[in-house]
Amino acid sequence: HHQAASIVAWNDESHVQDNRVLYREKMQAVVPILQQVMSVEIPAAGFCLWAKLPIDDERFAQTLYAEQHVKVLPGQYLARTVNDYNPGVGYSRLALVHSLDVCIEAAERIVACLSEINRVG
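At position 12 of the sequence shown the residue is numbered 903 (this note's numbering), and the sequence of numbers has no breaks.
It is worth saying that the hints were derived from the structure and are not from the lab.
One should not assume that every hint holds.
Claimed, not checked - With a Cα cut of at most 20 Å, we get these calculated EDC-like pairs of lysine to aspartate or glutamate: (1) Lys962 - Asp992; (2) Lys962 - Glu999; (3) Lys943 - Glu1007; (4) Lys943 - Glu932; (5) Lys962 - Glu949; (6) Lys943 - Glu999; (7) Lys962 - Glu1007; (8) Lys962 - Asp947; (9) Lys962 - Glu996.
With the hints as constraints, model all of the structure from the sequences given.
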């Protein structure tokens, strides 16, 4: 019985196609909002954005969470430093795992946060 269920699950590609459509829709809605304050493009695949930040990635993640209650991951946490170089420094990983409305609201909060940081300095 377990093998039959597994075969059915592995042969079902419809959920994969559905998820691709949902993530593409989120990317198309969120990226133009974020491009107001950071360098980010729609990736060929995936559910995360890899955004180039105008400020330190740790500072951004901490400030965004403290002031806007949005969680992102500093890019330097996803890469390893080799020869004093970490390719993730200055980037942030933004996972678009919530609903479209929540992702749009988070993008708007990110814009507000970076706009305030840029204003204050």
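Status of each hint after checking the structure:
1. Between Lys962 and Asp992, the direct Cα distance comes to roughly 16 Å. Compliance with the 20 Å bound is thereby established for this hinted pair.
2. Pair hint Lys962 plus Glu999 holds up; C-alpha atoms about 13 Å apart against a cutoff of 20 Å.
3. In summary, the hint linking Lys943 to Glu1007 is supported, as the alpha carbons are separated by about 17 Å, within the 20 Å threshold.
4. Restraint check for Lys943 and Glu932: the C-alpha separation of about 10 Å stays at or below 20 Å, so the hint holds.
5. Restraint check for Lys962 and Glu949: the C-alpha separation of about 11 Å stays at or below 20 Å, so the hint holds.
6. Under the criterion of a C-alpha separation no larger than 20 Å, the hint pairing Lys943 with Glu999 is consistent with the structure, at around 17 Å.
7. Restraint check: the Cα-Cα separation between Lys962 and Glu1007 comes to about 17 Å, which is no more than 20 Å; the hinted pair holds.
8. Straight-line distance between C-alpha atoms of Lys962 and Asp947 comes to about 15 Å, which keeps the hinted pair within the 20 Å bound.
9. Distance hint between Lys962 and Glu996 is fulfilled; the C-alpha atoms sit about 13 Å from each other, no more than 20 Å.
Violated hints for the displayed structure: none, as all numbered hints are satisfied.
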